[in-house]
Each structure stands twice: as structure tokens, then as C-alpha cells.
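Student: Chain by chain, the residues run as shown.
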Amino acid sequence: MQEFSSSPLILISAVFLAVLAGSFAAARIRLVLSRIIRVGMAVLLLLVVLRPSVSDRNASANPVIAVMMDNSNSMVLTKKLREAVKYFRQIENDLKKNFELKYYFFSSDASPVKSFSPDSSGGRSTDISRSLWTVRRENGAGLAGILLFTDGNHNGQQPPGRWVSDLNVPVTVVSLSQPSSVRDVEVIGVNSADFAFKNTPLTVSVAVRLTGCASVPVKLSVRSKNDKSRIIAAKTITADKQSELVSVDMQFTPEAGGRFTYLAMAEPVEGEATSANNSAEFVLDVIRDKTRALYICGRPGPEYAFLRNVLKNDANVELVSFVILRRPENIALVPEHDLALIPFPVHELFTKELFNFDILILDNFSYRGFGFRDEYFSNIAKWVRERGGGLLIKGGEDAFANGGWNSTALADIIPVEMSDSGADSMIYESYKPMVADYSHPVMLLDDNPKKNRQLWENLPALEGCRVLKAKSQASALAFCPWRELPLITAWQYKKGRVAAIASDTTWRWALQAPTPREYNKFWTNVIRYLSSDENVSGYKVLLDKSRYFAGQEFNAKIYSPGQSRPAELRLSLTEPSGPQRFLEIKTGTNMLFTAGAKLDKAGLYKISLYSANSSKPLWSGVLQAGEASILEDSNLGNNETMLKYIAEVSGGALLNQKNASAGMLSDKFRKGGRSETRKKKELFKSPLWMFVITAFFVFDLLFRRKKGLL
Amino acid sequence: MRNLRLRLLVILPALLYTMISPVVITAAQLNKFVFTQLRYDGQWDPYPETWGDIIEFLATATSISPQRERRVASIDDKELFSSPFLVILGSESFPKFNKNQRELFRRYLSNGGIVLVEDSSAMRGGAFDSSFRSELAAVFPELKLKKLPIDHPLMRSYYFLRKVSGRRLVNNFVEGIDISGRTALIYSQNDLFGAWARDRMGNYLWECAPSGQPQRFEAQKLTMNIIMYSVTGTYKSDAIHRPFLEQKMNR
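From first to last, the protein sequence lines are chains A and B.
So the first sequence is residues 1 to 710, counted in the numbering used here.
So the second sequence is residues 1 to 251, counted in the numbering used here.
Everything labelled a hint here was simulated from the structure, so no lab data went into it.
Predicted, not measured: the structure shown is a model, and the values here were computed from it.
Certain hints may be false.
[As the list claims (entries may be wrong)] With a straight-line cut-off of 35 Å between C-alpha atoms, the simulated DSBU-like cross-links for lysine-lysine are: (1) Lys99/B x Lys521/A; (2) Lys521/A x Lys163/B; (3) Lys312/A x Lys99/B.
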């Protein structure tokens, strides 16, 4: 049945045009002709604008059910499509007795087909929500039901949720059996803590689904994503049954601190349907259980006492310290056994133990008189350069060139130039440091830039400063205002970090200040900087997932220890192709703010958190968005939870292929449902009509000019 | 005679060390140890000359670099906060601090300062003892003086000490108040400084009772240990020292 459907405006327009035409009847012929052209032009214009259409509505005699067959890759690879089509053909004729069937293949969307072919090629994604709604739109609400054949591995952008409940059509889902001939190893996921301790064994549980692999040894391994060739942990497992879900504990020891992406991988077995699902990523924040600090001081004094107390009270620092209590020139006055002194184990420290430490502090220390060998200096330099050790040289009368360090292998790695003469000059005056870089992690006494500056300005004065010169590539963070001598200097040297502090009177920042908070904060900053703890600012951006796919949104929580307002922070997202954009940061609670964005493209994105007034990031990290199609091949099992959910929410049922007969299926659909298929054809949609209108316009213009009507 | 030998043993090397020391002697304090004594209304300085011997002993026997002059400061004095080590001596009643002074004293100890308090009367329940305890309770109502155990780090910060000493053995312990993991205030009633006091001829002023010279030397060693503790903190309680120290102790 066909019917003309259009807006009431068309009727009004037609009456108006008829009246207009009537008024021209008595006019002269040429005027009439001209007006006919104009009226025709106006009518056509109206029709193009209002777009009247003709609907072809077909109402079926029997209740209609739409049969939707998932032909995505996950169905094809596992041969479930073939099995599903085979099963459907067995029940098809019985269903046809009571229902009119409409056939749809679907993957990213549904499209009608005349019949199901078991050899249909696989789609690269599965969007159940979208496909269901396409079918619903084409058939109206009168559908008796939808019969859905799918493995439930939806990877479309919208989760079925509301999309299914709003269908108002019962969806009966058939859970498909895995064909026995399919062999597949699927690493489903990895259960691990969000963080691990450096140099401490960690166990992760790898969930593996083995299909058709009974008695076949499967080699599992854990590898770093950046170096897949290096196996960190390995295990071989064998399934007893044809299909088995196993959890495998894998143990390994993270050796470096930072955020790392690991892969739990299964080696492909012979005849495996796909190897795209043989690995799963997981991300670990490897943190130090404690920063191990070796503090060597050449002479006891207030600086040692105060700094030692800070380090000793820091729960994140494991301190081993040696302070030289007696020098060769000192006289014992008592027998040796009455002195509570221990030998300074130079050889053990600088040949073996050094490599177990994260930080070495040489405070007002001269190596002379302790049997130092060149080997020890080389070891310290190697430890910094290759092992990422953090070295601090500081202070006093025996530091720097006065301690002989200018003529050792350490001279190259220390960020200041020392005197060649063997003794640096000294400034003895009191002074307030001149800060050159307030935003450096070492110098952040407070996260609020204004308050940070105030705190530095209010710190008590120091006394004395070694005359040194900052090396060109080092950062002089603060100066002694007398001759602008570098007071605090730092740099990254290969894998390690080195800092130099040209005074040994920072204890005044504790004793003379209203509280020792700033003193403690400064030294905590120094320790974190030297131990290459990237999160030295205390800020953290926590991502909601460990992996993303193109088209997905990421959401991040921003931990701001300074309780800054969102306006004081900026979060940028640098896309794989280069452009950087700043994201809106929303107010959160408990020092947490939130931000998010859609990851349009696949690739590596960089996220950086800045304070409003600085271009140096407080926190930086990366996230990777994989190709969406990877999802399709990476999950070949049935998502029973999804299948059950769709059935329950839509008011349908979940049946198992093994025992679902046509009769059972028929009972699940509406008995009186009538489908109305609407095919709508717009009459004036073609651009050709615009061409006709234009032609009329030109003709009218020429005609009127020729007849002198203009 | 034994006194003279000991004095020569201490003073001559100290003089020699001073002459040949490569350290530039400057007026600047820098990171040096400064012997600072509290001045207050009353008998604040019963032994005005002892600091010199203590400094000499310190420079001779240890690697501590001391300022070679005594600093005297009142509780309101800004200089007090340039002196991480403060000595309070007294044999008579200790005056009460006003509110501001109590706050300053509290801040000094809380920010890292270390105070050695000595009841020079060497009497149990003397005027100084009761008045000072009372004042301390007003400054730190939440903290109490506690007996320091014999294995406290100050008993081994430089010399091995198996017992406390002084001019008189009023107590066989010293007391202390702990703040932020360190003993910030050390209180002795055994008149440690009395064991150092000399007359103008260089002779010791007081006999040490009951054990005489050995007791004096033990008192002097305890003084050294307290000073060493002020510049090294709990260093000697570190795990790395324990096996060595226990081995030595058991000899």
C-alpha cells in the first residue's frame, strides 16, 4: 500500500498558487506565460524545501521476527558462524510456520540479507547496540521479537545498556557452542596489583582460556612491552580438558622504578585459530620500597645531625650513614676498646655495597686518609652513569676541591667546576639564597607558586658558600648573592642525577624558622630528585584503564597534594600526530580532580600536567590507544554475561544452542505482533530539481528581457 | 701529678693541633660546634671557666670542629637559634619563663635544638631540681622526663660508657625528653661540670666522690658523649654499628 505523505504547508501553498494563477487568467498572454514560469518555479522551490515523500508500508500477515546473525571476525575465526547457520537451518522451517522471518547479518551494523551464508566474511568490529536499533527501525515496534546469534563480544562505542531496554522488542539470544575442531589460546587478562616494589618479587595471575588444547603444552611468558625479546618470567601449562579456563601464577622481580607496561604472552600453538588474542598487557607502577641512602660525612656537626634526623624520620628512606668521629690527628686518651668507634669499610662500600644504594651523600668529606683507590671513584661514576645512582656532594671545609674531588673521576659528573689549585675559596658571610628556578622539583617548598616564592624569601639566612662555577649544562637552582655563586646545582648525568650544594649550614632553615617544615620539605625534595622519583612533585594522574582503543574515551583522576584549584592546573593531551590540546579539569573531592577526552586515533598519546604559570610538567605520562579492530580478534570466547544481560533487559530469553528447539524459541516471541515495514521515498530529494529551478529562473529572465517586461 | 699528666696530655696536643691545623679559623660559625650557655636571672654560671677545657678536650679527642669561644645567650636572644646545643647550669632556683619565653624554649627544642641541663648542686630535691622540673612541665605539659636507658646512644656516641658519672653520684641515670626520634633535652643531677672545674692554678676544684679521679674522667667522657650525641644524634644506634659495638662490649 502506498500513501502520499507531506506537510500541511504543501496544501496551503497549493491553494495560494491556484488563487494566484486565477488572477492572471484575464491578463495578457505574455504576462500569463511569464507568470506561469514564475509560479512553476515557486512551486518547485516549495517542493524541494518541504520534501514530500511517499511511504511504502507493508504489514505482514504473520508475526515477524528478525533473525540477526553475528558475522564478525570472532564468529568466523572460531567457526561459530558456521555452526550457528547450520543450527538455524535446522529450525528455520519450523519457525516459518508461525512467523515471517527477516534475515540480517551484523557486525559493526546490521544489513538485511535474503539468507545466511556460512562462508560470510568477518567484520572487524561488533556493535550489538547499533545493529539492534537498525533492525528495530526498519521493522517498527510491532516486531514479535529478535532472534540473536552472537558470541556477545560487543566492542562498539555504546554499551548495550539503555539501548537494549529502549528497544521494546524481546531479544532471544542463542548461546553458541564452540566447535570442537577450533584450537585457541586466549590470554584473557592479568590480575596484578597496581604497583610493585622495586627488587621485590611480585606474583601476577594470568587468566588463560585454552580451547581445543587438551594435552598440548602451552608456553606462557611475561615480557616487557618495550623489549619483547627478553623473557622476565616463563611457565608451561597443559590443559586437561578440551576447553578450560586456568589461572597461572607468574613471578618476577621488577628491577627498575617507574611505570612499565608488561605483556603476558602465550606462544601460538599449532593450528591455532588466531594468535591475536595470545597476549594481554598490564601496567605496573614500580616503586622503591624505600630509597636506600648512603650518607658519608667527614665531620660531625649540626648539619649532619639535622639532615640525619630528617632522613632517619623519613619512612621512605633506609639510611646507612658513616660520620668520621676521629681523624688521624685526634688523640684517643683511652684504650681503643673503650672507644665506640667502628672501622670505615671503604673497600666494601665502594666495590660491593654501593650498587645496592639509590643515593650517595658526600657531606664535607675528603677521601684522603681513607685508602681510596681509583677503582672506587670509577665505581661511583659508573654507578651514577649506568645504574641511575643519585649523588649529592655538599658542604664545608673538606668538600669539593678541598676534599680532593677535583682530581678524581667524579670531577666530570659533579655539576660544578672546582678549583684546579686543590682548594676552593670560601665566602663566609650570611646571605639569603637567590632562587633561580622556583619550579624545579628540588625547589618546590609548596605547590602554589606564589606561596613557594614567599617561603623561599622567608627562609633564614645561610652562612658561608664555596666558590664554585656551575657547568654549562647544569641547572643552577639557587645562588649565593655574593658574586652570584651557585649554591644549589643539579643535573641529569646519563642515567643518574647529581647535585651539589655549596654550603653546610642548611640546618639554620630548621632551627631558626618558625617550624622545620620547609627544611624537611627541601631535603625530601632533594632525596626524591636524586632517586629519580619522577613523581617528585607529589602530583599524579591516574588513568581509568590500562589500555585503550581508538574511539574510546579515557578518564583521568588528578591527585593534587597542594589542594590547588582546577584553575591552577592544566592537563594537556598530545596526540600521536603531534597537536597538543588542553583538557578541561573538573573539580573533584579529596584533592582529586577529573578530566577526560576521546582518543580519536590509534597511537601513543602524551599526557602532561602543568601548573598554570609553568611550562615544566608536574607530571608526565603516556597512554596508548590500539586499533579498535584488535578487540575483535582478541576475544574469541562467549561473553555469557553480555548475552544474559541483553536477554533479560529486553524481556527475551537466553537459550543454549545445544537444547534450544524451534518450539522453545517460538514460545519466547510475541504471538500477535505485526511488523510494519516502512520504505520512505522522498520525491524531490534529487539535486536535479535545483537545476530545473535554476533553468526556469534563467528562462524567465531571458523571456522577460526579450518581451520588454523588465 | 696524675692531674698534671692528664692536663699536659690534653692541652699540649691541642695547642699543637691548633698551630698546624689546616682549617682556617674564622669568626664565622658555619657548621662548627658552638658551646652555648643560657643566661638567666640567678646563678646561671657556677663554672665560668670549664667550657675552655671542654672545647680543648673535644678538639683533641674528636673530629668535631668547635668554635673556640663560649656563646652566652638568654632565652629571648636571637643568637640562641644559631646555637643547636645549649647548656643550662644552676644550683639555685630556676626562674619561671614568661609565656613568650616558654614558647621560644619549646620552639628551640622542637626545631632541632639540644639542651643539656645540669643541676650543679649535686643534691637530690634541691631548689634547682624542683623549680626546673616545674618549669619544664609548663613548657611541655604533654611530655615528661624519663630515665635514659644504659644502652641509649649517648652512652656510646664516642666512648663506651657502662654507667653515668659526675662530681657526685646523686643518680645512676640521666633523664631526657624525646622529641621527633631524638632526645632533645638531657638532664643530669650529678654535677658533670663540677668534675671539670679548676682553680686558677689549674687544680681541680672538687673531689669526685666516691671514686675520685676515675670517676672524674668518666664524667668528662660522659660530657664528651653528650656533645657528640648533639652532633650525631642516634647514629650509634644504627643497625650497621651494632655487631661491631656488641663485639667490643663483650671483650
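Student: With reference to the structure, classify each hint as holding or not holding.
Tutor: Hints, one by one, checked against the model:
no., hint, result
1, Lys99/B x Lys521/A, "29 Å, holds"
2, Lys521/A x Lys163/B, "39 Å, violated"
3, Lys312/A x Lys99/B, "32 Å, holds"
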